[in-house]
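Asker: Here is how the chains run, residue by residue.
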Amino acid sequence: MALATQRVDVPVIVDESKCLEKCTACIEVCPLDVLAKNPETGKAYMKYDECWFCLPCEKECPTNAITVQIPFLLR
Amino acid sequence: MDTQWMKTDVLIIGGGTAGTMAAIKAKQANPEGEVLILEKANIRRSGAIAMGMDGVNTAVIPGNSTPEQYVREITISNDGILNQKAVYQTGKLGFGVIQELESWGVKFQKDAQGEYDLKQVHRVGKYVLPMPEGKDLKQILTRQVKRHKAKVTNRVMATRVLVKDGRAIGAVGFDVRNGDFVVIQAKAVVLCTGASGRLGLPASGYLYGTYENPTNAGDGYSMAYHAGAELSNIECFQINPLIKDYNGPACAYVASPFGAYTANAEGNRFISCDYWSGQMMLEVWKELNSGKGPVQLKMTHLDEDTIAEIETILWANERPSRGRFHEGRGENYRTHGVEMNISEIGLCSGHSASGVWVNEKAETSVPGLYAAGDMASVPHNYMIGAFVFGMLAGTNAVEYVAGLDHADPDPEFLEAEKTRIYAPLTRPNGVPHTQVEYKLRRLVNDYLQPPKVDNKMEIGLRNFARYHETLDLMGARDPHELMRCMEVHFIRDCAEMAARASLYRRESRWGLYHYRVDYPDKNNDEWFCHVNLKKDDSGNMVLFKRPVEPYIVEVDLEREVYDVAVR
Amino acid sequence: MFADTDSELNEWLEMLRSPELSDRLVAVKTLQHLGDEDALDPLIAALQDESTAVQKLAVTALWELANPKAVPALIGCLVSSDEEIRDEALSALGELISPDHLMLLLDAVQRDSVNMQLSILILLRKIHDAQSLPYVLPFFEAEQAALREAAVTTLRYLNQVERCQPAIALMSDADDTVRRATALTLGHLADAEVVPTLCQALTSDADWQVRRNAAKSLALHANAEAVPALQTALSDDHWQVRKFTLQALQKTPDNHTLPALIKALTDEYSDVRRDAAIALGNLRNPAALNALQQSLDDPDRDVCIFTQRAIQSIQEPTPETSNA
Chain A
61 MALATQRVDV
71 PVIVDESKCL
81 EKCTACIEVC
91 PLDVLAKNPE
101 TGKAYMKYDE
111 CWFCLPCEKE
121 CPTNAITVQI
131 PFLLR
Chain B
23 MDTQWMKTDV
33 LIIGGGTAGT
43 MAAIKAKQAN
53 PEGEVLILEK
63 ANIRRSGAIA
73 MGMDGVNTAV
83 IPGNSTPEQY
93 VREITISNDG
103 ILNQKAVYQT
113 GKLGFGVIQE
123 LESWGVKFQK
133 DAQGEYDLKQ
143 VHRVGKYVLP
153 MPEGKDLKQI
163 LTRQVKRHKA
173 KVTNRVMATR
183 VLVKDGRAIG
193 AVGFDVRNGD
203 FVVIQAKAVV
213 LCTGASGRLG
223 LPASGYLYGT
233 YENPTNAGDG
243 YSMAYHAGAE
253 LSNIECFQIN
263 PLIKDYNGPA
273 CAYVASPFGA
283 YTANAEGNRF
293 ISCDYWSGQM
303 MLEVWKELNS
313 GKGPVQLKMT
323 HLDEDTIAEI
333 ETILWANERP
343 SRGRFHEGRG
353 ENYRTHGVEM
363 NISEIGLCSG
373 HSASGVWVNE
383 KAETSVPGLY
393 AAGDMASVPH
403 NYMIGAFVFG
413 MLAGTNAVEY
423 VAGLDHADPD
433 PEFLEAEKTR
443 IYAPLTRPNG
453 VPHTQVEYKL
463 RRLVNDYLQP
473 PKVDNKMEIG
483 LRNFARYHET
493 LDLMGARDPH
503 ELMRCMEVHF
513 IRDCAEMAAR
523 ASLYRRESRW
533 GLYHYRVDYP
543 DKNNDEWFCH
553 VNLKKDDSGN
563 MVLFKRPVEP
573 YIVEVDLERE
583 VYDVAVR
Chain C
31 MFADTDSELN
41 EWLEMLRSPE
51 LSDRLVAVKT
61 LQHLGDEDAL
71 DPLIAALQDE
81 STAVQKLAVT
91 ALWELANPKA
101 VPALIGCLVS
111 SDEEIRDEAL
121 SALGELISPD
131 HLMLLLDAVQ
141 RDSVNMQLSI
151 LILLRKIHDA
161 QSLPYVLPFF
171 EAEQAALREA
181 AVTTLRYLNQ
191 VERCQPAIAL
201 MSDADDTVRR
211 ATALTLGHLA
221 DAEVVPTLCQ
231 ALTSDADWQV
241 RRNAAKSLAL
251 HANAEAVPAL
261 QTALSDDHWQ
271 VRKFTLQALQ
281 KTPDNHTLPA
291 LIKALTDEYS
301 DVRRDAAIAL
311 GNLRNPAALN
321 ALQQSLDDPD
331 RDVCIFTQRA
341 IQSIQEPTPE
351 TSNA
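Going line by line, the protein sequences match chains A, B and C.
To convert, take the position in the first sequence, counting from 1, and add 60; that gives the working numbering.
To convert, take the position in the second sequence, counting from 1, and add 22; that gives the working numbering.
To convert, take the position in the third sequence, counting from 1, and add 30; that gives the working numbering.
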């Protein structure tokens with residue numbers, strides 16, 4: 061199967077300057093399990109574009125590092 | 023990957039509204055018994071009420087209404103097709119649930135005198151109880167699960183119920199993070215996996231921009247079917263009036279006590295009742311197609327303070343991103359009506375009536391298998407009904423397991439299921455699940471969206487039957503993608519059930535939910551019955567009529583027809 | 031997943047005492063998610079952390095633990111200089127307090143802090159205990175309007191209080207929000223001056239929300255003495271005043287109001303037209319039938335339905351018993 065890599069605008073934005081490396085709060089609460097740690101930086105990021113824009117990640121972040129936008133197609 | 027084996031007395035699949043309550047009640051019934059909740063997300067924030075709930079739709083509070091009145095109203099609004107004994111449970115036991123939730127710290131709206139502040143949204147009777155502080159519901163339930171010492175395994179998704187000699191003996195699935203194969207032996211299994219919310223495709227085209235929490239992919243509908251259980255009234259779809267594109271409710275329930283209302287583009291009301299029903303949806307559909315649309319939730323006539331109060335409630339609960347959505351479009355309740363549209367179709371007995379067949383004890387037709395919440399066919403059951411049936415499932419399951427032993431699963435079945443689950447990982451360059459799912463759900467929209475047309479549904483059915491071949495092309499690169507792939511399997515099963523059940527009932531009923539162009543009228547002579555379906559011994563989907571159980575509350579359906587469009 | 035053994039809990043508790051702020055933030059967040067009762071005392075101690083971010087998360091964590099032992103410490107947070115901490119503590123206390131905490135609250139309401147006093151006045155509403163009355167009354171003369179407003183609102187929640195002369199005086203307060211709250215509270219009081227005071231407010235207060243609230247309270251009183259004032263208010267400039275005035279008139283049907291009610295059937299606002307139809311139905315006066323017949327063509331579905339019902343109730347001598 062031939063595959064292409066496509067760019068997508070993702071709803072969850074992480075401010076890496078605020079994200080704590082030892083913290084996994086956002087990853088633990090995401091109902092869709094779409095967040096992960098970047099193994100190189102130790103910062104959280106949106107790994108899969110499967111967001112219900114339900115906001116627990118934003119609310120549970122202890123440093124307010126996360127902003128959730130409405131997914132582009134709905135915006 | 024490894025295989026994890028677990029054993030428990032009562033296994034609860036899904037830790038949302040019904041599942042947490044089932045676990046708590048099972049532990050209350052027998053503190054020594056082992057209870058395990060299997061949750062594919064994290065129970066702190068999972069299920070339909072992941073972000074809380076802004077109100078209760080079916081509160082039968084003594085002094086305001088009686089269980090009998092409630093059963094009457096639901097009988098009429100569901101066009102007579104229901105097991106009244108099951109609906110009666112929600113009316114009878116709901117108040118106790120509300121009191122217990124309060125003792126756990128859940129806040130319901132009360133007036134200054136400390137009485138429940140009920141609102142009328144149904145045609146008759148006050149059953150709506152606002153919860154302006156309901157955003158922490160899930161944390162409160164999680165705390166009670168912990169205090170009752172029920173076990174929780176997060177991030178494991180079940181794929182099949184294990185059945186031996188006709189009874190449920192556990193479940194099988196996999197860890198969606200490390201990919202482990204998970205086998206759980208149980209003496210009773212309670213399915214609480216929520217609605218089939220990823221069936222139709224939202225008009226936005228975003229796969230996860232659904233009304234329901236998109237984790238609720240119809241897992242339980244499919245698992246119950248493959249376990250041999252009956253499902254009921256699948257043709258009675260869930261379709262909701264939502265904010266266009268956003269796919270959250272406009273919340274006329276919340277805003278109407280403040281003076282907001284659903285109106286056409288001219289600003290006039292065209293329905294008499296904001297309670298969600300198929301009949302109401304049919305009126306919305308007609309209005310949208312009449313040239314008087316679009317339909318809007320109108321608040322522009324209200325004053326600043328009232329609008330500010332509505333915003334506070336709407337934006338804190340259930341769909342907290344709603345404010346952000348309006349802001350992004352430069353819209354404001356003070357100057358703009360909230361444009362509404364008809365949602366994608368889904369299956370959900372919490373709102374309509376489509377679900378796994380259960381009786382008034384939450385038992386399915388398979389011994390040892392229980393169902394509760396949005397996926398259990400108790401019409402218009404909503405959140406309180408999910409709690410009540412969770413409670414019934416938990417307590418009855420504990421009674422059922424007394425004296426039972428664990429049964430060993432069939433090794434051949436386990437091996438076959440393992441192969442089925444992990445097949446996409448063998449094709450890492452296979453078609454991505456997103457594309458496979460998009461096409462499937464687009465076909466659902468094309469061929470099943472009401473008004474239902476025979477010829478179109480036949481084409482849809484052929485497509486869904488053939489879709490097994492497409493599923494075999496799907497590839498996954500990690501356990502997370504594998505989870506989404508297996509959800510597409512659930513969605514396909516639900517689509518086939520929806521098509522077959524819709525073709526089987528040759529009449530129209532429940533307003534837009536089952537509006538058939540070829541049979542536009544209700545036909546009580548032939549179709550005053552449930553339409554049930556199941557997998558027969560040779561693996562075929564069979565449909566059959568199941569008579570409506572004798573009523574326990576008398577309702578004259580000839581005289582009392584549900585009508586929200588008095589002309 | 032997270033820790034499920036004591037040693038792992040202890041690791042997080044130790045991290046909560048780390049000199050690194052980022053460690054303490056992660057620790058307090060993790061303890062919140064763990065929900066382990068053994069973390070209660072360390073979390074109470076974390077309310078004194080030098081970082082307000084840690085303090086706020088500790089409040090949230092204690093809220094989720096829901097152990098009433100945390101109530102005194104959380105009351106202490108109501109005087110925090112950080113608004114978010116005060117708000118979070120107030121929300122937490124709203125869930126955690128019970129009548130057992132009444133004395134603690136009455137003690138705290140006397141502390142010299144406006145933030146504390148405001149929060150406690152709000153919390154007293156959850157307990158509905160008339161014992162609070164002597165502690166609430168002094169705030170009627172508070173310098174800050176917010177305290178006067180909170181106090182007169184709390185009075186509404188003290189179930190056994192039926193008379194309260196000092197509240198009536200607040201109907202002439204200089205602040206709109208105080209008069210709005212007072213107008214609603216007077217709906218629940220039975221002093222002789224209450225109805226005349228509400229009538230006065232309904233017809234002459236400069237703030238329309240005060241007038242609307244007066245109409246709401248007069249509907250609760252359902253006192254025929256108020257009919258002349260209500261009739262006057264049917265020509266109020268604000269539609270919500272007209273709407274709630276009609277709801278009050280529905281409780282005290284009086285044929286003198288017939289012409290004014292018929293006029294209201296053609297109001298610009300559909301809510302007003304609907305309540306006018308209901309009020310006319312309650313009059314049971316056939317003289318209203320002609321006007322009601324015309325309203326059957328109203329473009330608003332709700333107005334049509336209630337007009338139809340009004341016509342039926344005038345034509346049928348017995349009140350409608352069906353609830354359909």
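Hint data in this document are derived by calculation from the structure and do not stem from the laboratory.
A couple of the hints might just be wrong.
[Stated by the list, open to error] Taking lysine-lysine pairs in the DSBU-like style, the calculated list, with each CA pair at most 35 Å apart, reads:
(1) A:Lys107 - B:Lys157
(2) C:Lys156 - B:Lys114
(3) A:Lys78 - A:Lys97
(4) B:Lys132 - A:Lys107
(5) B:Lys129 - B:Lys168
(6) C:Lys293 - B:Lys141
(7) C:Lys246 - A:Lys78
(8) C:Lys293 - B:Lys157
(9) A:Lys82 - B:Lys29
(10) B:Lys171 - C:Lys99
(11) B:Lys107 - B:Lys132
(12) B:Lys461 - B:Lys478
(13) C:Lys293 - A:Lys119
(14) B:Lys556 - A:Lys82
(15) A:Lys82 - B:Lys157
(16) C:Lys156 - B:Lys141
(17) C:Lys99 - B:Lys132
(18) C:Lys246 - B:Lys132
(19) B:Lys132 - C:Lys156
(20) C:Lys246 - C:Lys281
(21) B:Lys157 - A:Lys97
(22) A:Lys82 - B:Lys478
(23) B:Lys29 - A:Lys97
(24) A:Lys103 - B:Lys171
(25) B:Lys557 - B:Lys173
(26) B:Lys132 - B:Lys157
Only a predicted model underlies this, so the values are computations on that prediction, with no experimental measurement involved.
Asker: State for each hint whether it applies.
Answerer: Hints, one by one, checked against the model:
For the hint linking Lys107 (chain A) to Lys157 (chain B), the alpha-carbon distance of about 27 Å falls within 35 Å, and the restraint holds. A distance of roughly 27 Å separates the Cα atoms of Lys156 (chain C) and Lys114 (chain B); the hinted pair therefore holds under the 35 Å criterion. The hinted pair formed by Lys78 (chain A) and Lys97 (chain A) meets the criterion: a straight-line CA distance of about 14 Å does not exceed 35 Å. Distance check on the hinted pair: Lys132 (chain B) and Lys107 (chain A) sit about 43 Å apart at the alpha-carbon level, beyond 35 Å; violated.
Restraint check: the Cα-Cα separation between Lys129 (chain B) and Lys168 (chain B) comes to about 20 Å, which is no more than 35 Å; the hinted pair holds. Annotation: proposed proximity of Lys293 (chain C) to Lys141 (chain B) holds, straight-line Cα distance about 29 Å (limit 35 Å). Restraint check: the Cα-Cα separation between Lys246 (chain C) and Lys78 (chain A) comes to about 50 Å, which exceeds 35 Å; the hinted pair is violated. Only pairs whose Cα atoms come within 35 Å are accepted, and Lys293 (chain C) paired with Lys157 (chain B) is rejected, the gap being roughly 45 Å.
Restraint check: the Cα-Cα separation between Lys82 (chain A) and Lys29 (chain B) comes to about 33 Å, which is no more than 35 Å; the hinted pair holds. Restraint check for Lys171 (chain B) and Lys99 (chain C): satisfied, since their Cα atoms lie roughly 21 Å apart, inside the 35 Å limit. Proximity of Lys107 (chain B) to Lys132 (chain B) is assessed by CA-CA distance (about 30 Å); at most 35 Å being required, the pair is judged to hold. Simply put, Lys461 (chain B) and Lys478 (chain B) have alpha-carbon atoms about 16 Å apart, close enough for the 35 Å limit, and the pair holds.
Proposed proximity of Lys293 (chain C) and Lys119 (chain A) is contradicted: the alpha carbons are some 52 Å apart, above 35 Å. Annotation: proposed proximity of Lys556 (chain B) to Lys82 (chain A) is violated, straight-line Cα distance about 49 Å (limit 35 Å). Between the alpha carbons of Lys82 (chain A) and Lys157 (chain B) the distance comes to roughly 27 Å, so the proposed pair stays at or under 35 Å and holds. Note on Lys156 (chain C) and Lys141 (chain B): the hinted pairing holds, with a Cα-Cα distance of about 21 Å set against a maximum of 35 Å.
A threshold of 35 Å between alpha carbons decides the hint, and for Lys99 (chain C) with Lys132 (chain B) the separation of about 26 Å falls inside it, so the pair holds. Under the criterion of a C-alpha separation no larger than 35 Å, the hint pairing Lys246 (chain C) with Lys132 (chain B) is consistent with the structure, at around 17 Å. For the given pair, Lys132 (chain B) sits about 10 Å from Lys156 (chain C) by alpha-carbon distance, which is consistent with the 35 Å threshold. Between the alpha carbons of Lys246 (chain C) and Lys281 (chain C) the distance comes to roughly 11 Å, so the proposed pair stays at or under 35 Å and holds.
Simply put, Lys157 (chain B) and Lys97 (chain A) have alpha-carbon atoms about 28 Å apart, close enough for the 35 Å limit, and the pair holds. This hinted pair does not check out: Lys82 (chain A) and Lys478 (chain B) have alpha carbons roughly 54 Å apart, beyond 35 Å. Restraint check for Lys29 (chain B) and Lys97 (chain A): the C-alpha separation of about 32 Å stays at or below 35 Å, so the hint holds. As the CA atoms of Lys103 (chain A) and Lys171 (chain B) are separated by approximately 34 Å, the hinted pair is consistent with the 35 Å bound.
As the CA atoms of Lys557 (chain B) and Lys173 (chain B) are separated by approximately 32 Å, the hinted pair is consistent with the 35 Å bound. Taking the CA atoms of Lys132 (chain B) and Lys157 (chain B), the gap is about 17 Å. The hint holds against a cut of 35 Å.
In this structure, the hints that do not hold are numbers 4, 7, 8, 13, 14 and 22, in rising order.
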